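Participant: Each chain is listed here by its residues.
Protein chains: 2
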Amino acid sequence: MIKVGFIGLGVMGSPMAGHILENGYPLYINTRTREKAEALIEKGAIWCRNAKEVAENADCVITIVGFPKDVEKVYLSEDGLAEGAKDGSIFIDMSTTEPSLEIAINKELKKKGAHLVDAPVSGGDVGARNGTLSIMAGGRREDFDKILPILSTMGKNIVYTGEIGSGQHTKMANQIVIAGTMIGVSEALVYGKKAGLDLDTMVSTIAKGAAGCWTLDNLAPRVIKGDFDPGFMIDHFIKDMKIAIYESRAMGLNLPGLRLVEDLYEKLSEEGYGRNGTQALVKAIEELAKDKG
Amino acid sequence: MIKVGFIGLGVMGSPMAGHILENGYPLYINTRTREKAEALIEKGAIWCRNAKEVAENADCVITIVGFPKDVEKVYLSEDGLAEGAKDGSIFIDMSTTEPSLEIAINKELKKKGAHLVDAPVSGGDVGARNGTLSIMAGGRREDFDKILPILSTMGKNIVYTGEIGSGQHTKMANQIVIAGTMIGVSEALVYGKKAGLDLDTMVSTIAKGAAGCWTLDNLAPRVIKGDFDPGFMIDHFIKDMKIAIYESRAMGLNLPGLRLVEDLYEKLSEEGYGRNGTQALVKAIEELAKDKG
Numbered sequence: 001m002i003k004v005g006f007i008g009l010g011v012m013g014s015p016m017a018g019h020i021l022e023n024g025y026p027l028y029i030n031t032r033t034r035e036k037a038e039a040l041i042e043k044g045a046i047w048c049r050n051a052k053e054v055a056e057n058a059d060c061v062i063t064i065v066g067f068p069k070d071v072e073k074v075y076l077s078e079d080g081l082a083e084g085a086k087d088g089s090i091f092i093d094m095s096t097t098e099p100s101l102e103i104a105i106n107k108e109l110k111k112k113g114a115h116l117v118d119a120p121v122s123g124g125d126v127g128a129r130n131g132t133l134s135i136m137a138g139g140r141r142e143d144f145d146k147i148l149p150i151l152s153t154m155g156k157n158i159v160y161t162g163e164i165g166s167g168q169h170t171k172m173a174n175q176i177v178i179a180g181t182m183i184g185v186s187e188a189l190v191y192g193k194k195a196g197l198d199l200d201t202m203v204s205t206i207a208k209g210a211a212g213c214w215t216l217d218n219l220a221p222r223v224i225k226g227d228f229d230p231g232f233m234i235d236h237f238i239k240d241m242k243i244a245i246y247e248s249r250a251m252g253l254n255l256p257g258l259r260l261v262e263d264l265y266e267k268l269s270e271e272g273y274g275r276n277g278t279q280a281l282v283k284a285i286e287e288l289a290k291d292k293g
Numbered sequence: 001m002i003k004v005g006f007i008g009l010g011v012m013g014s015p016m017a018g019h020i021l022e023n024g025y026p027l028y029i030n031t032r033t034r035e036k037a038e039a040l041i042e043k044g045a046i047w048c049r050n051a052k053e054v055a056e057n058a059d060c061v062i063t064i065v066g067f068p069k070d071v072e073k074v075y076l077s078e079d080g081l082a083e084g085a086k087d088g089s090i091f092i093d094m095s096t097t098e099p100s101l102e103i104a105i106n107k108e109l110k111k112k113g114a115h116l117v118d119a120p121v122s123g124g125d126v127g128a129r130n131g132t133l134s135i136m137a138g139g140r141r142e143d144f145d146k147i148l149p150i151l152s153t154m155g156k157n158i159v160y161t162g163e164i165g166s167g168q169h170t171k172m173a174n175q176i177v178i179a180g181t182m183i184g185v186s187e188a189l190v191y192g193k194k195a196g197l198d199l200d201t202m203v204s205t206i207a208k209g210a211a212g213c214w215t216l217d218n219l220a221p222r223v224i225k226g227d228f229d230p231g232f233m234i235d236h237f238i239k240d241m242k243i244a245i246y247e248s249r250a251m252g253l254n255l256p257g258l259r260l261v262e263d264l265y266e267k268l269s270e271e272g273y274g275r276n277g278t279q280a281l282v283k284a285i286e287e288l289a290k291d292k293g
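Protein chains in written order, with this note's numbering: chain A, 1 to 293; chain B, 1 to 293.
Next comes chain A alone, as it looks inside the complex:
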C-alpha cells in the first residue's frame, strides 16, 4: 500500500490524518509540537524527526499548516520536504496559501522528479472530523488520479481544477465571493435593525429571491441571536483575504470590494474580535454608524 506522510496536526490536520490511518495507509508524521502526534502514534503512525525524514519514507506527503511562511518552511528550509523528496513522489499541500508559492515549490520538487498538487479545502473542522471536506486540487492530472483514493478518505466534493496553483486560485475565488456576501448581509442586517424591521421576517422574506445566499441562510440567524461564535474565525479569513489581495495585485488587478472587506475585518481584529466568527462583521458596520453620529 502506498506510504503516506503527513505534516501539520492542528485542528484540521489531526482528524484528516486520522482518516488516512483508519483506511489502512502506513502513515509517517512530523509536526512542530510532538504532543499533538501522540494519539496518532498510539494508533500506529510512525514519528519522523523532521520533514525531510517524512519525505524520505513516504511516497505521498500531505501538508496542512498555517501561513504561507509555514508552507515555505516545511518545503524549502533545511531538513525540509524538498531535501528528502524522492523521484516519483507526490506532495499535496492542503494549506490555504499563495498560488504563486505552490508554483515555486513545485519547481523545486521537480528537480528531484517529484510533483506538487495544491489542494486547499473548505468545510472547516466539522468537515475535517466527518471526512466531508470540499477539496479543490490543482496539478498534473495523472497525480490527481493517483491520490484521489487518499483524498477521498478526507473529503466528499473533490474537484480537479487544472494546473498547479489552480486549487489555491479556486479557493481564493471562493473567499472573494464570501467577502461580498458577508458585507451585503451585514449591511442589510444593520440597516434592517435600524429601520425597526423584524429581522427574522426580513431574512426569511429576502432569502427566497435574488438576495438568497449561504451567508443569509446560515450566518444571519446567528447574528440575530447575538451568536458570534466562530464557524470560521475572523483571523483566518483575514489570512485568506490577504493572500487573495497579494495574488490579485501580482496579476495587476484591483478588487475594491475585497480590499474594503479585508480592511473592515482587520479593524475588528485590532479591536480584539479576531477569534469571533466572520458574522461579527456587523459590529464593524455598527461602529461606522457611531463614528458618524
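Fair warning: there could be bad hints in the mix.
Pairs involving identical chains hold if they fit within one copy or between any two copies, as the list cannot separate such chains.
[Unchecked claim] Listed next, the in silico SDA-like pairs over lysine to any residue satisfying Cα-Cα at most 20 Å (straight line):
hint, residue 1, residue 2
1, Lys267, Ala104
2, Lys267, Pro256
3, Lys194, Arg259
4, Lys290, Asn157
5, Lys36, Glu262
6, Lys283, Leu260
7, Lys283, Asp263
8, Lys225, Asn50
9, Lys208, Asn218
10, Lys283, Arg259
11, Lys3, Leu260
What the hints contain is simulated information worked out from the structure, not anything from laboratory work.
Just so it is clear, the structure is predicted and the values come from calculations on it, not from any experiment.
Got chain A sorted already, so can you dock chain B onto it with the hints?
Facilitator: Coordinates of chain B only, in the frame set by chain A:
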C-alpha cells in the same frame, strides 16, 4: 365586488393590472401615456382623466410608477390621489421608493380617513406577467388582510412586514444584500479569468459551499457566456441603491459596501452601460485593472 384603481401601466404595471381585471374586479385606470391603457380599456377597464378621479371611483388604488418624485406627484400633486381619497379607502404603492416618503403619504391620506400599504415587489417583468411576484407589504394588518386577495392575483410569495414603510425597508435590505453578492461574484470572476481558471469549473465548485448564492447560480453563467442582457437593468438597480443610501444616511448609517457598489454602477451607467443587466459589473472591475496597468 371591491372597485380597484390602477395607476402606472409600464412593463410591470400593465400585466399586473391585467391580472386584476381577469379576476373580475372593476378596474379604474389612469396613466401618463393613454395609449398604454388601450389594451386594458378594450378588456373593460374604465379610463379616468386623472389620479384624483381614480381615487374618487375606487375603494382600493394600486400605484406602480418610476422614481420617488413620480410617486410623490401621483399622490400629493394637484388632481392627485390624496385629493380624491375617500374615507376607508386603501392605497397600495407597489413602486420601489423611499420608506420615508410612504410614511409622509400615509399621513396625508389619513387626513381623509384613508390608509396606505407600501408593497414593493421583486421578480421583474417575468414575475409580473406570470403573476408570481414576491410582494413585501407594510401598513395596518387589517388593511393587508383586506387587500390580500387582490395582491394574490399578482404574486405568490406575499409577506406582511409590519408598519407602513417596512415593505420598502425590506426591499432595500434585499437590494443591499444583492449589492454585496454582485461585487463578490464579479470580483471572483475577474480574478478567476485572470488566473487562467476554467470559469465553469470554478463556479460549479464554489457554488456548493459557503460562497453559494443566487447571483453565482444565475448571473455568473451569463457573464461567462458574455451575455449582458438585462434580467435586472443597471439603471434600475442604481435607482434602488440611491434610495437605500438616502434612507441609511437619514438613519445615521454608513454602509461602505453599498456605496462602493453604487459608485461602480454609476460609472458604468455614465459610460453607456445603464441598460445592461446588473451582471455587467464585471466590466467595471476589469476597467479598474486597466487603470492600474
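Participant: Compare the structure with each hint and give your call.
Facilitator: Now the hints, each set against the structure:
1. Lys267 x Ala104: Answer is neither; intra-copy 32 Å and inter-copy 39 Å both fail.
2. Lys267 x Pro256: both (17 Å within a copy, 14 Å between copies)
3. Lys194 x Arg259: Answer is between: at 18 Å across copies they meet the 20 Å cutoff, but 26 Å inside does not.
4. Lys290 x Asn157: Answer is neither; intra-copy 43 Å and inter-copy 36 Å both fail.
5. Lys36 x Glu262: The answer is neither: 32 Å in one copy and 49 Å across copies each exceed 20 Å.
6. Lys283 x Leu260: both (15 Å within a copy, 19 Å between copies)
7. Lys283 x Asp263: within (13 Å within a copy, 24 Å between copies)
8. Lys225 x Asn50: neither (46 Å within a copy, 49 Å between copies)
9. Lys208 x Asn218: Both ways: Lys208 and Asn218 sit 13 Å apart in one copy and 14 Å across, limit 20 Å.
10. Lys283 x Arg259: both (18 Å within a copy, 18 Å between copies)
11. Lys3 x Leu260: So Lys3 and Leu260 fail the 20 Å test inside a copy (45 Å) and across (51 Å) alike.
The structure shown violates the earlier hints numbered 1, 4, 5, 8 and 11.
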